[in-house]
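Dock chain X against the given chain U, drawing on the hints supplied.
From first to last, the protein sequence lines stand for chains U and X.
Under the working numbering, think of the first position of the first sequence as 12, with each following residue one higher.
Under the working numbering, think of the first position of the second sequence as 422, with each following residue one higher.
DEER-style ranges, computed between Cβ atoms:
hint: 1; chain 1: U; residue 1: P204; chain 2: X; residue 2: D650; range: 38 to 48 Å
hint: 2; chain 1: U; residue 1: D213; chain 2: X; residue 2: D650; range: 51 to 61 Å
hint: 3; chain 1: U; residue 1: D213; chain 2: X; residue 2: G587; range: 44 to 54 Å
hint: 4; chain 1: U; residue 1: T26; chain 2: X; residue 2: K647; range: 19 to 29 Å
hint: 5; chain 1: X; residue 1: E714; chain 2: U; residue 2: P102; range: 16 to 26 Å
hint: 6; chain 1: X; residue 1: P568; chain 2: U; residue 2: S64; range: 30 to 40 Å
hint: 7; chain 1: U; residue 1: V491; chain 2: X; residue 2: D460; range: 20 to 30 Å
hint: 8; chain 1: U; residue 1: A130; chain 2: X; residue 2: S665; range: 53 to 63 Å
hint: 9; chain 1: X; residue 1: F498; chain 2: U; residue 2: V491; range: 39 to 49 Å
hint: 10; chain 1: U; residue 1: E118; chain 2: X; residue 2: D460; range: 45 to 55 Å
hint: 11; chain 1: U; residue 1: R283; chain 2: X; residue 2: G587; range: 49 to 59 Å
Please keep in mind that the hints were generated in silico from the structure rather than gathered at the bench.
No residue lacks a Cβ here, since even glycine has one placed at the ideal position from N, Cα and C.
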Amino acid sequence: MRRFARLFETLDRTTSTTAKRDAMVAYFAEAPAADAAWAAYVLGGGKLKRTASSTELRLALAAETGYAEWLIDECYEQVGDLAETVALMLPEGDADDGDVPLHVWMEARLPSLSRMDAAGRVDLLREWWRALPRDQLFLANKLLTGALRVGVSHRLLVQAVAHWANLPTDLIAHRLSGTWHPTAEAFAALAGPERADEHAGDRPYPFFLASPLEESPSVLGDVGDWLAEWKWDGIRAQVMRRGDEALLWSRGEERLDGRFPEIEQAAIALPRGCVLDGEVLAWTLDENHPLPFAALQKRIGKLKPGPKLLADTPVRLMAYDLLEQDGEDLRERPLGERRERLAALIDDLGPTLMLSPAVRADDWEALATVRGESRERRTEGLMLKRLASPYRVGRKRGDWWKWKVDPYTLDAVLLYAQPGHGRRSGLFTDYTFGVWDGDSLVPVAKAYSGLDDTEIGRLDRWIRAHTIDRFGPVRSVETVHVFELAFEAIQVSNRHKSGVAVRFPRILRWRTDKAIHDADTLDTLRGLAAG
Amino acid sequence: MDGDLLHPLPQGLYCPAGDFFIDPMLPVERAVVTHAHGDHARSGSALYHVAEAGIGLMRERLGADATLHAHPYGERFTLGDTIVSLHPSGHVLGAAQVRIEGCGKVAVVSGDYKRDPDPTCEPFEPVPCDVFVTESTFGLPIYRWPPMSQVIDDLLGWLEDCKARGVPAVLFCYALGKAQRVLAELVRRDPDRVVHLHGAMVRLVEAYRDAGVVLSPTVPVSDSAKGRDFAGELVMAPPSAAGSPWMRRFAKASTAFASGWMQVRGARRRRGYDRGFIVSDHADWPGLLRSVEESCAKRVYVTHGDGEALIRYLTERGVDARPLRSLGAMPQPRTSEEGD
Chain U
12 MRRFARLFET
22 LDRTTSTTAK
32 RDAMVAYFAE
42 APAADAAWAA
52 YVLGGGKLKR
62 TASSTELRLA
72 LAAETGYAEW
82 LIDECYEQVG
92 DLAETVALML
102 PEGDADDGDV
112 PLHVWMEARL
122 PSLSRMDAAG
132 RVDLLREWWR
142 ALPRDQLFLA
152 NKLLTGALRV
162 GVSHRLLVQA
172 VAHWANLPTD
182 LIAHRLSGTW
192 HPTAEAFAAL
202 AGPERADEHA
212 GDRPYPFFLA
222 SPLEESPSVL
232 GDVGDWLAEW
242 KWDGIRAQVM
252 RRGDEALLWS
262 RGEERLDGRF
272 PEIEQAAIAL
282 PRGCVLDGEV
292 LAWTLDENHP
302 LPFAALQKRI
312 GKLKPGPKLL
322 ADTPVRLMAY
332 DLLEQDGEDL
342 RERPLGERRE
352 RLAALIDDLG
362 PTLMLSPAVR
372 ADDWEALATV
382 RGESRERRTE
392 GLMLKRLASP
402 YRVGRKRGDW
412 WKWKVDPYTL
422 DAVLLYAQPG
432 HGRRSGLFTD
442 YTFGVWDGDS
452 LVPVAKAYSG
462 LDDTEIGRLD
472 RWIRAHTIDR
482 FGPVRSVETV
492 HVFELAFEAI
502 QVSNRHKSGV
512 AVRFPRILRW
522 RTDKAIHDAD
532 TLDTLRGLAA
542 G
Chain X
422 MDGDLLHPLP
432 QGLYCPAGDF
442 FIDPMLPVER
452 AVVTHAHGDH
462 ARSGSALYHV
472 AEAGIGLMRE
482 RLGADATLHA
492 HPYGERFTLG
502 DTIVSLHPSG
512 HVLGAAQVRI
522 EGCGKVAVVS
532 GDYKRDPDPT
542 CEPFEPVPCD
552 VFVTESTFGL
562 PIYRWPPMSQ
572 VIDDLLGWLE
582 DCKARGVPAV
592 LFCYALGKAQ
602 RVLAELVRRD
612 PDRVVHLHGA
622 MVRLVEAYRD
632 AGVVLSPTVP
642 VSDSAKGRDF
652 AGELVMAPPS
662 AAGSPWMRRF
672 AKASTAFASG
682 WMQVRGARRR
692 RGYDRGFIVS
702 DHADWPGLLR
712 SVEESCAKRV
722 YVTHGDGEAL
732 IRYLTERGVD
742 ARPLRSLGAM
752 PQPRTSEEGD
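Extracted from the complex, chain U is given alone in its bound form:
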């Protein structure tokens, strides 16, 4: 793993994406394929199934250092990363385990923990720690505990592999999509020549993502060149009809098999060799509109939904696009043609596969008026797609725009804070906000983003000086500060103490001009949720 540790160090020591890409290209060229495969896997955000718990790591660390658990927790709170906490707390050594290859760590060592009991895992962790030099110690624990977070996006990894393989990035993005198994053969195959049946496997096509439209749509030219659709709030997914089955992939490129049997059953009726892009939505049968996202969340969590859940919360696929038909990759054809084919294909397949309706208007002004109905229609706004556009890879600006309605806002009081992780480690950046319910403040939203670095620093110092109580890492603070929060949707919820759940809350601004009694009330929120 020495070579990979050197790569990690190089990546960690620059913020330049070009320098990062060059370092990865050099590594892919010189590392054995079995190791390079795992490097690509983890740098692309892949993780192993967790084989030792945080508690076990803490126990091993306490045993190895003699420090009390509370002190380990304090340190973790400051560092915000357990693997790094371990590396910083263990005694300095001049250990050198030789050089156990990365693929041995990933295929043998780390998985072997799962075949032991907790005590065995703690012992083995301690044994490894003693044998590892400092940089590899950190890395081994990183590989054990989750994502690497070294400023390499999936896109940057794809670019590096494409550079190394001397192939187009879109092709590499496709080859790495879905479940990519990191083996020496699979890594070598990434650089193989492009084949005509490249797309025929069970890997999803890389999703084309829309960009937010921040100006008036009139800059987009003639409204007649565009397809407008509602922006539905569900799970973006691809349905692939392959062999005897229908596969469902989420936009996070995870298989959703078994979770949405209605869609799989409906999709079986599709002819073989076709792929649909669409949105999974929970849908009321009697009123014919989507259910709030929270309803869909119940379904996402259930691997095998029971009959009651299926009856109470049925799902449908709102189909947007047709990426493949009769085994032919259609992505280069214009959207207008793909959509016509899609409409014809699913027309008589029953209600579960719906065609996303086109929203028609004679000019942008009329379209803006229709957009005003977004909330009533339980959507987040409009999507604008150029009818002549191909289906591109990733977030490319120009052809697909999301034109969302303005968010809801509310004024809420800071109640609790806890330290963030990664870049925000050691700073209080995870906040809980409350609104008035009679004379008391009840928590209604957690938000992590929206303040700039100066505000975060200022608030962090204030929180430390005005803590009333501590519950583990969480601090309750004096109720002084009011923040304006934005959120996308609100609904009644019996899982939340406040009785309402807000979607995508984030901080808009710190309202230093407001006192806590100017904050909103729970009644107002209930009214919004009921409306």
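Structure of chain X alone, referenced to chain U:
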């Protein structure tokens, strides 16, 4: 009662028996100032007692017309009913611990201190006492400083790398203390290297030279012609210059920060520096524990930073440790990242 010698007030730490303040935040009649960092040396008081070694820096900070009484380290002088002496704290040039003898006991206020060797100032002197006031800026066991020789190795490696890539190397660090320490270490290893300085550092670097500290040759960035190529050269600037228009001259520069906070990856990443060099003028965890032990104090008061972890750790080991604020009304805690 420890309160006879030390009593925190909103203006700063007050000594009732001697009728003076240590590092007051507001103007007072009589002040003892431990060192010249802005959060300790504040102008406006009628009279200042300071260590002789830091007199030049104090003049920079407190103004030419401030009334300063300079004392050599170890000299005993009387203030009210106490005998006071200043002892090196190893923090920056002229930094002092304050020893106060009175009411039948000895208290030592260590100010900011470190235990690692530093060519720019006298090393920390352990002073036996009954009551020891310690800082705890880095009061967690994750903070253990690497040897400076190793840090300079890394720094030289970074400069080589920048030279190979044809980009300037911009090192951010505090203008008083840290900058001079790096320059003093650097001149021993790479004596011919000329370092380019941000304007905010120039006078303070001169003040160190005037005090006889040997530093790398320096030249102000403002002396260089417009459009000069700084590829492969070292530029030093205070952290406030990061992201400012001043940085436009150093497009594509590799940036680094020299600070104890760089021990933690996330602290570097959120500031967006390419490199972090672990250099601190504060005591690390082993340094704090060693100083508490060497003080032989019966009671330890902890200030700066959270301090809670250090207090609990010492308490569990049978040391009578308390937060300094427990002695009275403390001023607002200072910002956490100044002057390290």
